[in-house]
Amino acid sequence: MTDLSDSRGLSASGLRAQAERLRHLAENIANVDTPGYRRKLTSFEAELSSRGPEGAVRTGPVRLDRTELPKIYDPSHPMADATGYHDGSNVNLIIEIADAREAQRSYEANLKLFDQARQMSRGLLDLLRR
Amino acid sequence: MFEKLEIFRMAHGLATHAGTRQAVVARNVANADTPGYRAQDIAAFADTYRKSGDEMHLRKTREGHLPACDPLPFRTDLQAVDGPGEPNGNSVSLEEEMLKAADTKSKHDLALAVYRSSLGIIRTSLGRS
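Taken in sequence, the protein lines are chains S and R.
Its first residue numbered 1, the first sequence is counted upward by one per residue in the numbering used here.
Its first residue numbered 1, the second sequence is counted upward by one per residue in the numbering used here.
These are calculated hints, taken from the structure and not from any lab test.
Predicted model only: the values in this text are computed from it and were never measured.
Treat the hints loosely; a few may be bogus.
Said to hold, decoys possible - Derived DSSO-like pairs: lysine-lysine, alpha-carbon spacing no greater than 30 Å straight-line: (1) S:Lys-112 x S:Lys-40; (2) R:Lys-105 x S:Lys-112; (3) S:Lys-71 x S:Lys-112; (4) S:Lys-71 x R:Lys-105; (5) R:Lys-100 x S:Lys-112.
What the hints assert, rightly or not - What the simulated footprint calls covered on chain R by chain S, stretch by stretch (three residues with Cβ under 8 Å from a Cβ of chain S suffice, anywhere in the stretch; the number is not a length): (6) 12-26; (7) 31-39; (8) 93-100.
Virtual Cβ for every residue (Gly too), placed ideally from N, Cα, C.
Extracted from the complex, chain R is given alone in its bound form (with noise of 0.2 Å):
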């Protein structure tokens, strides 16, 4: 039930991609000196978020039909980051990556607070405190 309401949708997908990005950073950071490696980033979550039912989804025209599985509300493909790399073709920069990790912690934190405001609400509006 809960994941339908948009407020909550929208927080799981926040927190889940701050999660997924978390990784991608830790992975990076991982490979600060290794050679050749490339580093990666994911898209921003505010430019590729979708709105439940802005998507397509298939539609059921019978009882026996499969639901298509709800997709995740925002893209989650790598992309290589290109900035100056090092001499052995290595292009983390670490002070970049803790930026990112610290703006995903941000994120992070901001989608928890609001789930669990909204979730709040919903205890309030069924008249436990």
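The following block holds chain S by itself, in its conformation from the complex (with noise of 0.2 Å):
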């Protein structure tokens, strides 16, 4: 029974971590056109904790990403310096909506698991009805 309840609290710590990744990238989706802006990255780490089951996971610090921000000729625009240019974003939206699909996925993934360790732990009980 405790392994039950470790399995159900691992898959919720996946799901918080999972879902904490899908909002970085719907805020990196949303900040495409952002002048300036830098992509976000999350990365994931074991957690360190004593409460809460062993191996459990969740997101680390974010982290920007630090390639070159792409120059864009807008002469018109305010941010435009003397010669015309201006910073875009490094956001790239097809690596988003693939990041976006494996977190999904993911996520999918850990939420049946966490209604697997349910649905067992209520056949346990169920043992005690008549």
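Hints given; two lone chains; assemble the complex.
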């Protein structure tokens, strides 16, 4: 029974981490046209805490993508410099969408396992019933 | 009394094994995107199951001796599964884990069904229905 509640805790940590990753991806996509925006990178790491089951996952500190910002030529833009260029954002929509797909897949897998652990413990408790 | 009957002991062992394996699979899936994580698994129940009486118990030779606790009828040592990994050193395959999860669920259901029907047999033999 402790294994099953551990299992639910682990799946819940996975759900939280994937949801946070999806949130940062949504921020990136929303800011695809914001001048000077650097895309956010989410990393996963093991959670080291005395509470909760061993081996849970959490998201690490958010880092910004350090790749060069593209120069966009638009002399009428208010942020354009003397040569008529301004910084774009380094968000690549294809990468973000692919990443979002992967996050969604992992989220669903965690959700399925959470549900399964719940069914298993309900089966155990049903033994008490006549 | 019930855990002394072999069938109850086996059903209890299988259900416990399925619960432990479920936790292992949940840990693998939760860490499916953690860099450097290696997938884990525990040995199959059928391979490590020991019948009661097969294992070596500490013998009580005097009344004051404390009994050795009844060990689980199987081993649950974790072992890393080596497979083709991702470039970041992670070796979890979600498809593989889903298969394992389905297998675990059916084993758990099987254990509970066996337990329940054996309970029914005992009830019948006691004259209740």
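We went through each hint and held it up to the structure:
no.: 1; hint: S:Lys-112 x S:Lys-40; in the structure: 28 Å, holds
no.: 2; hint: R:Lys-105 x S:Lys-112; in the structure: 12 Å, holds
no.: 3; hint: S:Lys-71 x S:Lys-112; in the structure: 44 Å, violated
no.: 4; hint: S:Lys-71 x R:Lys-105; in the structure: 55 Å, violated
no.: 5; hint: R:Lys-100 x S:Lys-112; in the structure: 13 Å, holds
no.: 6; hint: 12-26; in the structure: holds (count 9)
no.: 7; hint: 31-39; in the structure: holds (count 6)
no.: 8; hint: 93-100; in the structure: holds (count 3)
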